[in-house]
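> Each chain, written out:
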Amino acid sequence: MTATDQDITENKKQDAQEFEGLQTPFKRFLSDFCESKLAVLGFLVIVGIALLAIFAPLLTPTDPYDLTSVTILDSRLAPGEKMMSGTVAYLGTDGAGRDMVSAMIYGLRISLGVGIGSGIIAMLIGISFGLLSAYAGGRVDALFMRIVDIQLSFPAILVALVLLVTLGKGVDKTLIALVVVQWAYYARTIRGTALVERRREYIESAVCLGLSKNRIMFRHLLPNCIAPMIVVGTMQVAHAISLEATLSFLGLGMPQTEPSLGRLISNGFEYILSGKYWISVFPGLALLVTIVSINLVGDRLRDVLNPRLQK
Amino acid sequence: MTQKPTLDVKDLRTYFFTKGGVAKAVDGITFSIAPGKVLGLVGESGSGKTVTGFSILGLVDQPGRVVGGEILYRGEDLNKVSAERMRELRGVNISMIFQDPMMTLNPVLRIDTQMIEAIRAHEKVSKEIARQRARDALGQVGIASPDERLRAYPHQFSGGMRQRVAIAIALLNKPDLIVADEPTTALDVTIQGQILYEVQKLCSQTGTALIWITHDLSVVAGLADQICVMYAGKIVESGEVNAVLDNPMHPYTHGLITSVPSKNKRGAPLSQIPGMAPSLLNLPKGCAFAPRCKWSNSNCQEQPDMRLAPENRRLLCHNPIEYNNDNFSQETS
Amino acid sequence: MSVFIIRRLLQSGVVVIIMSFIVFSGVFLIGDPVEILVSDDADQEEREEMIKSMGLDKPFLVQYGIFVSKALKGNLGESFVFNEPALLLILDRMPATMELAVVSLMIAIIFGIPLGVWAGLKPESWASKSIMTGSILGFSLPTFWVGIMMILFFAVMLGWLPSTGRGDVQVILGMPISIFSWDGFSHVLMPAVNLALFKLSMVIRLARAGTREVLHQDYIKFAKAKGLQESRIILVHVMKNILIPVVTVLGLEFGGLVAFSVVTETVFAWPGMGKLLIDSIGLLDRPIIVAYLMIIVFLFVFINLVVDILYSILDPRVRLQDVKS
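Protein chains in written order, with the numbering used here: chain A, 244 to 554; chain B, 158 to 490; chain C, 1396 to 1720.
Read the hints as simulated data drawn from the structure, not as lab findings.
Any given hint could turn out to be false.
Cβ pair distances, simulated, as ranges [claimed, not checked]: (1) C:F1693 / A:D415: 49 to 55 Å; (2) C:K1524 / B:H312: 46 to 52 Å; (3) C:L1404 / B:K281: 36 to 42 Å; (4) C:S1520 / B:R277: 28 to 34 Å; (5) B:V224 / A:L367: 52 to 58 Å; (6) A:L302 / B:T175: 33 to 39 Å.
DSSO-like cross-link-like pairs, simulated, lysine-lysine; straight-line CA separation at most 27 Å [stated by the list, open to error]: (7) C:K1616 / C:K1635; (8) B:K167 / C:K1616; (9) C:K1635 / B:K194; (10) C:K1453 / C:K1465; (11) B:K442 / A:K280; (12) B:K284 / C:K1616; (13) C:K1616 / B:K281; (14) B:K176 / C:K1453; (15) C:K1524 / A:K280; (16) B:K167 / B:K451; (17) C:K1635 / B:K281; (18) C:K1616 / B:K237; (19) C:K1635 / B:K284; (20) C:K1453 / B:K331; (21) B:K331 / B:K161; (22) C:K1616 / B:K176; (23) C:K1635 / C:K1524.
To give an idea of the interface, some chain A residues facing chain C are shown, with a C-beta separation under 7 Å as derived from the structure [said to hold, decoys possible]: (24) S396; (25) V405; (26) L493; (27) I508; (28) I515; (29) I534.
In this text, a Cβ means the ideal position worked out from N, Cα and C, and glycines have one as well.
With the hints as constraints, model all of the structure from the sequences given.
Listed below in structure tokens is the structure:
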């Protein structure tokens, strides 16, 4: 190799290095995120659980809602015993004779659905109110934030409890209660971020350019508030799933006919003192794995997206 | 002149092992300082001046590490001493003044707590005696009614006052060596002048050696005996302050001096150093300053060696500016 | 200063009034208590008498008005089920709940702060990573399930601790307390740990985040440059800086502990006011539900008020901000 050849390869190497330095923000985010193996694992588990929930009817050995196939003779079978229909109940059966595996997968479906559904609705409401509040300022802002403050000064469990006592049981009612509990977090977060971002130079320059208010709000302000929203959203979904389970355990929330994981655990609680652990333990583990995975991802997201911690 | 140096730094290397690669923040610097003398350490931000200061006190944070060289304090290599010995030296023999006075005092502790603990960490004295000494130290740096001030919290002080307190703390145990990291940069010009004057007076009175880290050449010109000019982790030129400032031989020093506005050249366009200080993660090959240097040539692709120049000066350049250069002619020695 | 306190007091009063209306109208909508209270074979006359005696025949606003005027005299109604004043019933159960909450708070502080500071000091160490993963678990584990698992392990399988009730109580300063006898302590241990888990995780995270932030401050480096001992830097310089936010948040969260004890008390059959609430919801005992919620509202408003005022005394910067805004 001649000297010039060497120079050229050197140059190429350097170019390649420089190119790596100029990654897109998304690529950098991805590589930062993947640095934590736990978070990646959490993400994969969430995807797995979501698939389980979506394809529940195809995957479960029995249909826990099919009253013709559920028989009381099967009730409280220990894990591994055979049910009347001949299917092996790998995780046992519950008090009504439902196969735990099937009941749990269906339960996951309800828990995830309610958790994510309420999260998305609450986020949309929260974003609208938060942005409006930040942008309008003055009395509107003061009024909204007072409402948010008052609501947030009471713990979510109590607010949801009161609502459900009033509304009664049911998927729709639980969803409403969870939305009411959550929207204020989103509103406060987005208002806080928007207020900070509003004072930044790039918004000032957008104003100076004479862009319309709507354009500034949705094209300039909103995209810059997304990072904290993602973090809050992830954590809130985990929180909502946990809260739904708790409410169902207390006898509010989901009705007996649509057992979420919380309801299953609650049913099992009756039998815990007689040592029939599986009815409470397995749905609890499923709940735990779901929430922990979401929180691991959320935790990592917060570290990665937090500009204060970036080196 | 053959006084034993207080501090003798030889080929010090402090690297930061970051995700993006190894940043050689300090890469083989050598200097020494004698008792009662002031050494000005000059350079742009990111040139490694502050890291040099922290290296001397053993306060380099992760992911940084001192990877080579010697820091001889009165013959004792600070790189090799135990953590406990280093702690004993800090604050008593070597102390440091930080750049931003708003940040150096703990906001939730009273001034007296912060001063007395600095004394009692090293000497078994009663709180009363320690308080007495703290009060004297405050008086020494020109703080009025020190008794009252001792009971105050930092947020009740202005920036200049806080820096005085920080200086008083640095002086509490009568150190032999003070590392001052741009202590006046954040302050008003008038306050800066007062503090410079006081520090200079104290050093000459007590024989304390002082390393003054700054980017401000005019401060160095008025204060220092020796000067070291740093660029990208290396000392590119060092020597007596007057000699260096009057006859800069390294193009970078020359560039620094000519980019300072001067009343003698009113109206004339300011000269400037083109380009930007390079990233430490991606230094150019050979002389780091070459891409910005108008005297550079093919030689500069090689890393220059340290060479000695007249008047005990040292220089890191292939093409030094000679004396009587037409750009910058001054009286010769 | 006094202006500040008066304004805060007025605000608190408004909040209490608004909440009382929301609570009352919310609970007013709950099913028909008469259905439950009156036996099936009661005739129409008996029913109407029942409705009248409970004041359920009057219009909603009148009922609310009666409720407020009685509430101002300290009368929050009589329990439909127990036929006793609701307020007394709740106050009777309150010491048990308070004891549970205080013990939990202590557990959260005593274990949470050292663990969090440790995790903040050595973020890369194996132990710190375990602490932090553990705190994610603490956040994620639904309290009631942990409670059930604790009963399963420590009561059913190992038989070490009792699973329900409060055990021996001693009356100290007029309050029944169980923690000072072994029997009482063994009863309070599991519920208190259960209730503490969430706050423990929170304290760990706050303390860790605080420590990490403080450690990067110049004043810590300056303290090192002064040659201070590592222990003094951590115990005085770091601790004092993180204690203020941690204690503030914990103060605010005490109400949360009381509220969340609803769940723990239900799991462990702890005879506190939370269990009373859940039982009353099942029985549609409206006055107790309303009284409980009003007491909680008072508690929360009171805690917020005290924290606000304390904060403005401790930190002069807060007062300035308030004047400006």
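> State for each hint whether it applies.
We went through each hint and held it up to the structure:
Here the CB-CB span from C:F1693 to A:D415 is close to 32 Å, at odds with the stated 49 to 55 Å. Distance hint check for C:K1524 and B:H312: the Cβ-Cβ separation is about 36 Å, which falls outside the suggested range of 46 to 52 Å. The hint said 36 to 42 Å for the Cβ distance between C:L1404 and B:K281, and at roughly 52 Å that hint is violated. The supplied range of 28 to 34 Å is met by C:S1520 and B:R277, whose beta-carbon atoms lie about 31 Å from each other.
At roughly 54 Å, the beta carbons of B:V224 and A:L367 sit within the given window of 52 to 58 Å. Distance hint check for A:L302 and B:T175: the Cβ-Cβ separation is about 47 Å, which falls outside the suggested range of 33 to 39 Å. At roughly 16 Å between alpha-carbon atoms, C:K1616 and C:K1635 fall within 27 Å of each other, so this suggested pair holds. Pair hint B:K167 plus C:K1616 holds up; C-alpha atoms about 25 Å apart against a cutoff of 27 Å.
At most 27 Å may separate the alpha-carbon atoms for a hinted pair to count; C:K1635 and B:K194 exceed this at roughly 39 Å. Distance restraint check for C:K1453 and C:K1465: the Cα-Cα separation of roughly 16 Å lies within the 27 Å cut-off, and the hinted pair is therefore satisfied. For the suggested pair B:K442 and A:K280, the alpha carbons sit about 37 Å apart, so the restraint of at most 27 Å is broken. At most 27 Å may separate the alpha-carbon atoms for a hinted pair to count; B:K284 and C:K1616 meet this at roughly 24 Å.
Taken as a hint, the C:K1616 and B:K281 pair is honoured in the structure, with Cα atoms around 23 Å apart against an allowance of 27 Å. For the hint linking B:K176 to C:K1453, the alpha-carbon distance of about 73 Å lies beyond 27 Å, and the restraint is violated. In summary, the hint linking C:K1524 to A:K280 is supported, as the alpha carbons are separated by about 13 Å, within the 27 Å threshold. About 30 Å separates the Cα atoms of B:K167 and B:K451, which puts this hinted pair outside 27 Å; it is violated.
Distance hint between C:K1635 and B:K281 is fulfilled; the C-alpha atoms sit about 24 Å from each other, no more than 27 Å. With a C-alpha separation of about 21 Å, the suggested pairing of C:K1616 with B:K237 holds against the 27 Å cut-off. Restraint check for C:K1635 and B:K284: satisfied, since their Cα atoms lie roughly 21 Å apart, inside the 27 Å limit. Only pairs whose Cα atoms come within 27 Å are accepted, and C:K1453 paired with B:K331 is rejected, the gap being roughly 85 Å.
Under the criterion of a C-alpha separation no larger than 27 Å, the hint pairing B:K331 with B:K161 is consistent with the structure, at around 19 Å. A C-alpha spacing of about 24 Å is found between C:K1616 and B:K176, which places the hinted pair at or below 27 Å, so the restraint holds. For the hint linking C:K1635 to C:K1524, the alpha-carbon distance of about 24 Å falls within 27 Å, and the restraint holds. Annotation: interface hint on A:S396 holds; nearest CB of chain C at approximately 6 Å, less than 7 Å.
For A:V405, the interface hint holds, the least distance from its beta-carbon to any beta-carbon of chain C being 6 Å, beneath 7 Å. At a threshold of 7 Å, the smallest CB-CB gap from A:L493 to chain C is about 6 Å, leaving the interface hint in force. Among the interface hints, the one on A:I508 holds; its C-beta lies about 6 Å from the nearest C-beta in chain C, closer than the 7 Å criterion. The criterion of a C-beta within 7 Å of any C-beta in chain C is met by A:I515, whose closest approach is roughly 6 Å, and the hint holds.
Hint status for A:I534 relative to chain C: holds, with the closest Cβ pair at about 4 Å, below 7 Å.
This entry does not satisfy hints 1, 2, 3, 6, 9, 11, 14, 16, 20, going by the numbered hints stated previously.
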